[in-house]
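For this one, chain A is given, so just place chain B on it according to the hints.
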Amino acid sequence: MKAMADREVTLMKGNEAIARAAIRCGVDGYFGYPITPQSEVIETLALEKPWETTGMVVLQAESEVASINMLYGAAGAGKRAMTSSSSPGVALMQEGIAYMAGAELPGVIVNVQRGGPGLGTIQPSQSDYFQATRGGGNGDYYVIVLAPNSVQEMADFVDLAFELAFKYRIPAMILSDGVIGQMMEKVVLPPFKPRRTEEEIMKECPWATFGCIGGRKPNIITSLELQPEAMEAHNIHLQKKYDEIRRTEVRYETQQCDDADYIIVAFGSAARIAQKAIEIAREEGIKVGLFRPITLWPFPSEQVDAVARGKKGVLVAEINAGQMVEDVRLAINGKEPVEHFGRLGGIVPDPDEIVNALKTKLM
Amino acid sequence: MKKEIIISGFGGQGVLSMGKILAYSGLMEDKEVTWMPAYGPEQRGGTANVTVIVSDDKISSPILSTYDVAIVLNQPSLEKFEPKLKPGGILIYDGYGIINPPTRKDITVYRIDAMDKAAEMKNAKIFNMIVLGGFLKVCPIISNDGIEKALKKTLPERHHGLIPLNMQALEEGGKIIKQM
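Top to bottom, those sequences are chains A and B.
Take the first sequence: its position 138, counting from 1, is numbered 138 in this note's numbering, and each next residue is one higher.
Take the second sequence: its position 155, counting from 1, is numbered 155 in this note's numbering, and each next residue is one higher.
No lab work stands behind these hints, which were simulated from the structure alone.
Misleading hints may appear alongside valid ones.
[To be verified] Here are the simulated DMTMM-like pairs of lysine to aspartate or glutamate, each with C-alpha atoms no more than 25 Å apart in a straight line: (1) B:K86 / A:E163; (2) B:K84 / A:E43; (3) A:K186 / B:E148; (4) B:K178 / B:E79; (5) B:K58 / A:D140; (6) B:K58 / A:E283; (7) B:K58 / A:E284; (8) B:K84 / A:E284; (9) B:K3 / A:E284; (10) B:K84 / A:E353.
Just chain A, with the same shape it has in the complex (with noise of 0.2 Å):
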């Protein structure tokens, strides 16, 4: 590894920050395959040989599905893996990421969004809002996601998927877009962590595969189970798992919020194009705050619905054609109008457009 004093600041972009942060996060395994606005992360990763340091395995591997199997593998035997993508590529995860629900198994997963549907666009989207937060796959299953804002929530994120993913036994989403991923700013990465050794896992994760040392009962890793009553039971659990996410894992971030008569609700890089349009209509005494939700999943529900009430309307900013605001408006169940502004396909919203969306849907 490159000798990066601890703590220094640096400038990359977003992809480079998820690859250098996964390296100090003491991650066993990164599994991807290349595809545009993401590539930056295997090519770092590449170029920095963790395997030769701290002994991190970096695999390309011959597809998104044979990926996320590995990272299945890998999970199953207590390693912190993970892989990258770009929305096509997420896409053809799926089935793995829901044998992983299914199995309790942790790990992260970061999709640089683009736009779609299909093959869709190399541009920046936010378009697979949907689909990260209300599972992906097959079954009654969530997984965590992140959404960072700035490349330095790229490098601070990584660790924190991985802490919430083996916490809860379940995967963890990075949901991050072609703007921060290529676009580089300052940056400080995470404090070094070691690997956790063989006996840290065997203490940390008794339900792994590490074998059956003194006899113990074989775990078993799987998402299968014909007995309905067996399979209904393990679904209470695991909705009893997401209750608790739900009650202690929300993030948010609110943005001079109390003095304003409009709130935007924005996430990601459409979070940081909607503080500008604030700057913007604040310039023109327009009072607007700002309700950054960071976990999409868990959705900060009625942290929204308290900060819009009493104002005069709230406008979901967002890179697609209206998703995110599903869930703004369940949580404030009509009791202030709730609008949505989107660009699509890849082409993102400069300020002056959501100031402008602002004037004309809410006032």
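Just chain B now, kept in the frame of chain A:
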């Protein structure tokens, strides 16, 4: 201080790396910076552009509606970004790449014949550093010292021998930029 800058030209003119040197120099001088490229098919023979913001305070959006400075190195870039300059903004263009010069009266327009200068200096690769030198002459947000530090930081050591040539290009750019 906050400068919202768009640099735009043909792919291969060094647009993205000029932006990168500017951003790294900002970092060296302890400023807040963002570098946001237009990535993808736009870079193949078409227009490549990058938004660079250098500021004393935290930066909100890396995506902008209007700019303080537009550095345009070909005709399509001028047509795209002249209308997006803020009133009182600065437009810098290379004389070689522009057939129809800018027409707005509420901005300050500079011309820099960097392509000619690079040919005179017999090195096409320093074209972007000449342009950067011109920009820093009329908008001195970063010191030459900061640029030199950034070059040391970003260039691999085997290329450090090229730093004096780049610094000379920067100086020349400052000399040949002229207000229109």
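The hints, checked one at a time:
| no. | hint | in the structure |
| --- | --- | --- |
| 1 | B:K86 / A:E163 | violated, 46 Å |
| 2 | B:K84 / A:E43 | violated, 35 Å |
| 3 | A:K186 / B:E148 | holds, 19 Å |
| 4 | B:K178 / B:E79 | holds, 21 Å |
| 5 | B:K58 / A:D140 | violated, 41 Å |
| 6 | B:K58 / A:E283 | holds, 17 Å |
| 7 | B:K58 / A:E284 | holds, 21 Å |
| 8 | B:K84 / A:E284 | holds, 19 Å |
| 9 | B:K3 / A:E284 | holds, 21 Å |
| 10 | B:K84 / A:E353 | holds, 14 Å |
Going through the hint list in order, the structure does not satisfy hints 1, 2 and 5.
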